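Colleague: Each chain, written out:
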Amino acid sequence: MSAPGESCRPDFPILSRLVNGAPLVYLDSAASSQKPRQVIEAVSRYYERSHGNVHRSIHTLGEEATELYEGARDAVRAFVGAASREEIVFTRGTTEAINLVAQAVGRTLGPGDEILVSEMEHHSNLIPWQMACRDRGASLKAVPVVGEGFLDMEAFSRLLSPRTRVVALAHVSNVLGTINPVAEIIRRGREAGALVLLDGAQGAPHLPLDLASMGPDFYAFSGHKMLGPTGIGVLYARRETLERLEPAWGGGEMIKEVWIDHAQWNDLPWRFEPGTPPIAGAVGLHAAVEYLDKLGMARVAAHERDLTARCLDALMRIPGVTIYGPRNAEIKGAVVAFNVEGVHPHDGAALLDERGIAVRAGHHCAQPLMKRLGIVGTLRASFSVYNTPAEIERLAEAVGDLRGAL
Amino acid sequence: MVYSSVIRERFRAPRYRGSLPEPDASFEDVNPLCGDRIRIECRIAGGTVTDARHRGDSCAICAASADVLLESVIGQSVDSVSTLTAADLLERLQADVRASRMKCVTLPLTVLQGALEGREVAR
Numbered sequence: 001m002s003a004p005g006e007s008c009r010p011d012f013p014i015l016s017r018l019v020n021g022a023p024l025v026y027l028d029s030a031a032s033s034q035k036p037r038q039v040i041e042a043v044s045r046y047y048e049r050s051h052g053n054v055h056r057s058i059h060t061l062g063e064e065a066t067e068l069y070e071g072a073r074d075a076v077r078a079f080v081g082a083a084s085r086e087e088i089v090f091t092r093g094t095t096e097a098i099n100l101v102a103q104a105v106g107r108t109l110g111p112g113d114e115i116l117v118s119e120m121e122h123h124s125n126l127i128p129w130q131m132a133c134r135d136r137g138a139s140l141k142a143v144p145v146v147g148e149g150f151l152d153m154e155a156f157s158r159l160l161s162p163r164t165r166v167v168a169l170a171h172v173s174n175v176l177g178t179i180n181p182v183a184e185i186i187r188r189g190r191e192a193g194a195l196v197l198l199d200g201a202q203g204a205p206h207l208p209l210d211l212a213s214m215g216p217d218f219y220a221f222s223g224h225k226m227l228g229p230t231g232i233g234v235l236y237a238r239r240e241t242l243e244r245l246e247p248a249w250g251g252g253e254m255i256k257e258v259w260i261d262h263a264q265w266n267d268l269p270w271r272f273e274p275g276t277p278p279i280a281g282a283v284g285l286h287a288a289v290e291y292l293d294k295l296g297m298a299r300v301a302a303h304e305r306d307l308t309a310r311c312l313d314a315l316m317r318i319p320g321v322t323i324y325g326p327r328n329a330e331i332k333g334a335v336v337a338f339n340v341e342g343v344h345p346h347d348g349a350a351l352l353d354e355r356g357i358a359v360r361a362g363h364h365c366a367q368p369l370m371k372r373l374g375i376v377g378t379l380r381a382s383f384s385v386y387n388t389p390a391e392i393e394r395l396a397e398a399v400g401d402l403r404g405a406l
Numbered sequence: 001m002v003y004s005s006v007i008r009e010r011f012r013a014p015r016y017r018g019s020l021p022e023p024d025a026s027f028e029d030v031n032p033l034c035g036d037r038i039r040i041e042c043r044i045a046g047g048t049v050t051d052a053r054h055r056g057d058s059c060a061i062c063a064a065s066a067d068v069l070l071e072s073v074i075g076q077s078v079d080s081v082s083t084l085t086a087a088d089l090l091e092r093l094q095a096d097v098r099a100s101r102m103k104c105v106t107l108p109l110t111v112l113q114g115a116l117e118g119r120e121v122a123r
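Note that the protein sequences, when read in sequence, are chains L and R.
For the first sequence, the positions run 1 to 406 when my numbering is used.
For the second sequence, the positions run 1 to 123 when my numbering is used.
I should point out that these hints are in silico values taken from the structure, not numbers from a laboratory.
Zero decoy hints are in this set.
Sample of chain L residues with no beta-carbon within 10 Å of chain R, all distances over it, derived: (1) V19; (2) D267; (3) V321; (4) E393.
Label-pair ranges, simulated between beta-carbon atoms: (5) L:A390 x R:A87: 39 to 45 Å; (6) L:R190 x R:S82: 54 to 60 Å; (7) L:R37 x R:L20: 58 to 64 Å; (8) R:S80 x L:I331: 53 to 59 Å; (9) L:G52 x R:R119: 52 to 58 Å; (10) R:Q113 x L:A390: 46 to 52 Å; (11) R:R15 x L:A358: 32 to 38 Å; (12) R:A86 x L:G21: 26 to 32 Å; (13) R:S82 x L:D135: 38 to 44 Å; (14) L:G81 x R:A87: 54 to 60 Å; (15) R:A99 x L:T276: 29 to 35 Å.
Since this is a predicted model, take the numbers as computed values, not measurements.
Cβ atoms here follow ideal geometry from the backbone N, Cα and C, with glycine treated the same way.
Using the sequences provided together with the hints, build the complete structure.
Modeller: Structure (structure tokens):
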């Protein structure tokens, strides 16, 4: 491993396999990335040598497991630039992290309160808020998407009010790739007295982060989209915000002392981590952020920007291809959504799969955005550290053959 | 090969695509996998499906499945439709469809059964 691209590919065992007789071209990392040997081996090593339950096991394995689990927290804190380890809550993924906030904050909502989301949200940053609003009689407002796929910031200004309790928006759209103006959103949201949550599922794996200076109240992301295992995610939360919240869920580990009819909560961050946590997942995520750190997130971002630019350029030359989202890779995450005239996205994806090319197809868990775009779904190519320009060429060649293929 | 010659042919040149004015039964539903929507309208006389049409935005597998399904039920009794299975459709499509796309095959069948059972469309 030395740099993103060709030279790190040998670290990813799965990339050497054939799919339907062709070398795999994996362009679905926005759904879930592949894992380097360093992550796979860290998880195996943990289970082979150090597994026990964390925190209260007074034996060697329990202590080793605790050290590894809490070590992962320190590594993630440094990776995202959080001010303290108390601000890193491990969850099962982005979805659980957002649900945690929606439930904890949701309990404090009442009629007249508003939650502000957008039309480009993944369902995981929409449904939890729908549920919280429904339960508490609060209302949900959505910032429209305009132009090539940008948030309508004038509408954002209009919709933001003293009634807004939470602003919950994607850092990077999982379909359009749009990188939202989060600095402005955070500043304006906080000025209005709202809590600001960013869905970072497509941010953390691809962009350098410095959350302490960025300043959101919450930033949620998943391990499995950033070279780590499934089943581990992170809720970053500003300490003073987290201190004011009641725990979302109860169970073991989140308490200090318990009586039959009441309990005293544990310190941060464990107050928000009931039950046995995803220990192996945290160990794997630790290895993943170490791996990304060695590559360097600035270099990762530059590499993926180059791939996105090449992909946009190649697809725009193909007759019958429509691209969704910004056409400029400089303001876009590592994802390109597109359709081919007369080809249903699922048929397109199945035909590409016959040539060993894995892309996503469908509504990408963003049905309101699909309705806004007036389509049922799209094809979506997305990139990670291990993708190469040669793979973009193979994609473009195969997409060029899609029209009239059925 | 997912896309059998039957699927390709029925997708390119469907025989039962369209709509029926004032149908005796109709229903539509969405494939949660992809958000595709398909609508089926039927004419019924004396307990027999005498005519039927399908329409909607859907993939080749779903469109072809709807087409072979309607071909097989026109002229048959309403009761016989409830006994049709995914296997019957796969046989007609002559296709080896993966589990991930089976909903594309079965959606037209559940929509047709919904129409004949008089189910209401959710909005």
